[in-house]
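There are 2 protein chains.
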Amino acid sequence: MDKLEQKFQVEFTFNVYFTHHLFAIDNPLFREAIPPFQGSNPPSFLFVIDEGFLHHHPNLVQQIRGYFAAHDAKMTLAGAPIIVEGGENAKNETKWIDNILSKVNQMKIDRHSYIVAIGGGAVLDMAGFAAAMAHRGVRLIRVPTTVLSQNDSGVGVKNGVNAFGKKNFLGTFEPPFAVINDLQFLTTLEDRDWRSGISEAIKVALIKDLDFFHEIEENVEAYNRRDLKAMTSLIKHCAKLHLDHIAGGDPFEKGSSRPLDFGHWAAHKLEQLTDYRIRHGEAVAIGIALDVTYSLLKGNISEENWSRILQLISGLGFDLYAPELHATTEDGTLQVLKGLEEFREHLGGELTIMLLEELGKGVEVHEMDHELIVESLNILERQHAKVTV
Amino acid sequence: MDKLEQKFQVEFTFNVYFTHHLFAIDNPLFREAIPPFQGSNPPSFLFVIDEGFLHHHPNLVQQIRGYFAAHDAKMTLAGAPIIVEGGENAKNETKWIDNILSKVNQMKIDRHSYIVAIGGGAVLDMAGFAAAMAHRGVRLIRVPTTVLSQNDSGVGVKNGVNAFGKKNFLGTFEPPFAVINDLQFLTTLEDRDWRSGISEAIKVALIKDLDFFHEIEENVEAYNRRDLKAMTSLIKHCAKLHLDHIAGGDPFEKGSSRPLDFGHWAAHKLEQLTDYRIRHGEAVAIGIALDVTYSLLKGNISEENWSRILQLISGLGFDLYAPELHATTEDGTLQVLKGLEEFREHLGGELTIMLLEELGKGVEVHEMDHELIVESLNILERQHAKVTV
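Residue numbers (my numbering), protein chains in the order written: chain H, 1 to 389; chain E, 390 to 778.
These aren't lab readings, by the way, just hints derived from the structure by calculation.
Any given hint could turn out to be false.
Said to hold, decoys possible - Cross-link-like lysine to any residue pairs, in silico, SDA-like; alpha carbons within 20 Å at most:
1. H:K240 to E:K392
2. E:K392 to H:H245
3. E:K643 to H:I34
4. E:K492 to H:G349
5. E:K497 to H:F343
6. E:K392 to H:A33
7. E:K392 to H:D244
8. H:K254 to H:F8
9. E:K629 to H:F8
10. H:K3 to E:K625
11. E:K750 to E:S696
12. H:K254 to E:P424
Model the full assembly from the supplied sequences, consistent with the hints where possible.
Right, here's the structure in full:
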């Protein structure tokens, strides 16, 4: 056959930093995370900030201005920050992306300039997608402000927005330039957002790290009284497990396997079915409860371990069930079952779902029994009623 | 410092095939280029076809249908092909991308499905960008139909569209799944498109391969009488040089160097200044003439070699100059000089321009003398007048 073969490797590196009071004048981290520039002018930084976060940190923009003024030989602020709506709406409406791209053009942000996205996972996903597209990739610094984004999505290599009513229909794989987690930012989270990211830690502990599962179990009370030290430990441990998994696996998901999405097939659908009333982390907690119950019915885990996991989830204040799980289409099919096909469709190829082989160890399966899913849902509904009574 | 370090490598591989009569039933190439599928259904293929090309190949869609019908155990056609406008308009209007994404959604094209783009470089760039975004990356098979796209852009790792009046303002780096060059497709090209891709071969020969430069010189007459064998040799040689350069260099252009863009800083601006009346390859021929003349004035190449290169370019039927090169802004500045800054801005960092150190060898510089550029333009204008008289 008459052909030329192309083959090359690309190395990707970035650091995930942990700090407190990121934009305090005397905190050297941000400045030191930026490499010396080439050329005649210091690089430009365009900030994109989550409106909800800004509400709790009204002095943030002034602090950033002060920080840049103090380091103006090394870096330049490109105009006023772009303030965007937080939460899933950031990913549902195209105007936020359009606005960022327009500013990239006006402010002459180039491929050696930086977009700094400060906010929850949705804002980071959306701003990251804009950064990945502009000039085929402007440098992105993620500053995640929620537990969920600090321990999970913020340290990953994906970005995206929703389209055609489908979550992350558009996006790319694009490692960030750096991730900076300011743990102090977590203190102003409302309880729901403080809690919801813990579900991703439970997820990765259940499939990969029994010791970590024990750590989470032992600290339920500490998390519930918002102990920042306990949470910091959880976030670092969880972020490390995610980073290692990505580096050791299939970073750009060329195959059909997505082990880090344990509990996620139902979660994605549930978010959509509730119009995002249920937040991602909360939906993942329910999705884990569902897949753990399914694993029980399959005989993969003991009733004792099943009960332990559900107790952990509800002990943290998560719901185990939402009525939308029983919503049906016109022909009587459970809506949530469509989530299985959408999950397969997004990645393509064969359906691949992660379940539990035992506590601390995942196993991939390529089909799920619809009757057992229904039975699992019924069990969860009863369990939920029991807990909430 | 409190940090986690992420580091991983991703390997990218794809083949560039050469064939004749790609969709003839008895041509096994397309079928064999597709790996066996996993799961229960053969993968779907969504075709995006350049309207201008289809005009010259009115039976193409029928041929594709026949080919897929003959191989329906291995691959499935996803609906009717999407016909898009060819040329730069494909990259200037968002409706083409929107249409592709909407079909990806309707036809349930997933990450293991294929988008097959058939057309010139602009259509491949636009369809490739849509494929890269959808589900964070649907497999893309490029079927370039012009000399330019077969020997240059079609074998590369970029895609993109224009925005804010700037060429390739949006796009990503995303290697294709495969590239299939059907040399027979070239026979229906109009003379301009047959010729224009030769400039990219001259470009890469001048900076990398003296023997190839001689091959091109010796075959001017053969190219001019549209000898397919001579052109096939040029395309393969040029594609190979491009592939090797990408694999051996900085595939995703993280640095500021873009050696394969010799002659391109002025070319991009000229395309825009002429509202794309001058096609990319034609603009590159002029851009090469300009940078070669500048290299002469800098004393890097001899007058004999300068004259030889210009003779080759005009011997192939290319213009050496366009009046828009002398267009000025309101304040009297030459518009084309803005191309230098836009070129720097796109890649970011330091301005880096490839010039000639000698025939067959490039050298990078970080500034250009505006007066020498003006002098080069004047020389080209006179040279052009001399040739066309």
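* Compare the distance between the alpha carbons of K3 of chain H and K625 of chain E with 20 Å, and conclude whether the hinted pair is satisfied. => holds, 9 Å
* Asked: Straight-line Cα separation of K750 of chain E and S696 of chain E no greater than 20 Å?
  -> Holds, at roughly 17 Å.
* Asked: Taking only the CA atoms, is the gap from K643 of chain E to I34 of chain H under or equal to 20 Å?
  -> holds, 15 Å
* **20 Å limit on alpha-carbon distance, applied to hinted pair K254 of chain H and F8 of chain H** => Roughly 16 Å between the alpha carbons, so the hint for K254 of chain H and F8 of chain H holds.
* Does the structure keep K254 of chain H and P424 of chain E at a Cα separation of 20 Å or less? -> Within the cut-off at roughly 14 Å; holds.
* Hey, K392 of chain E versus H245 of chain H, does the alpha-carbon distance stay inside 20 Å? -> With Cα atoms ~17 Å apart, K392 of chain E and H245 of chain H stay inside 20 Å; holds.
* To do: With a cut-off of 20 Å on the C-alpha distance, tell me whether K240 of chain H and K392 of chain E pass.
  => holds, 10 Å
* Agreement of K492 of chain E and G349 of chain H with the hint, judged by alpha carbon distance not exceeding 20 Å -> holds, 19 Å
* Hinted pair K392 of chain E and D244 of chain H, Cα distance within 20 Å -> holds, 14 Å
* To do: Would you mind confirming whether the straight-line C-alpha gap from K392 of chain E to A33 of chain H stays at or under 20 Å?
  => Roughly 11 Å separates the two Cα atoms, so the pair holds.
* **Hint consistency between K629 of chain E and F8 of chain H [alpha-carbon to alpha-carbon, up to 20 Å]** => Roughly 14 Å between the alpha carbons, so the hint for K629 of chain E and F8 of chain H holds.
* Given the proposed pairing of K497 of chain E with F343 of chain H, does the C-alpha separation stay at or below 20 Å? -> With a Cα-Cα distance of about 12 Å, the restraint between K497 of chain E and F343 of chain H holds, given a limit of 20 Å.
Hint check: no violations occur; every hint is consistent with the structure.
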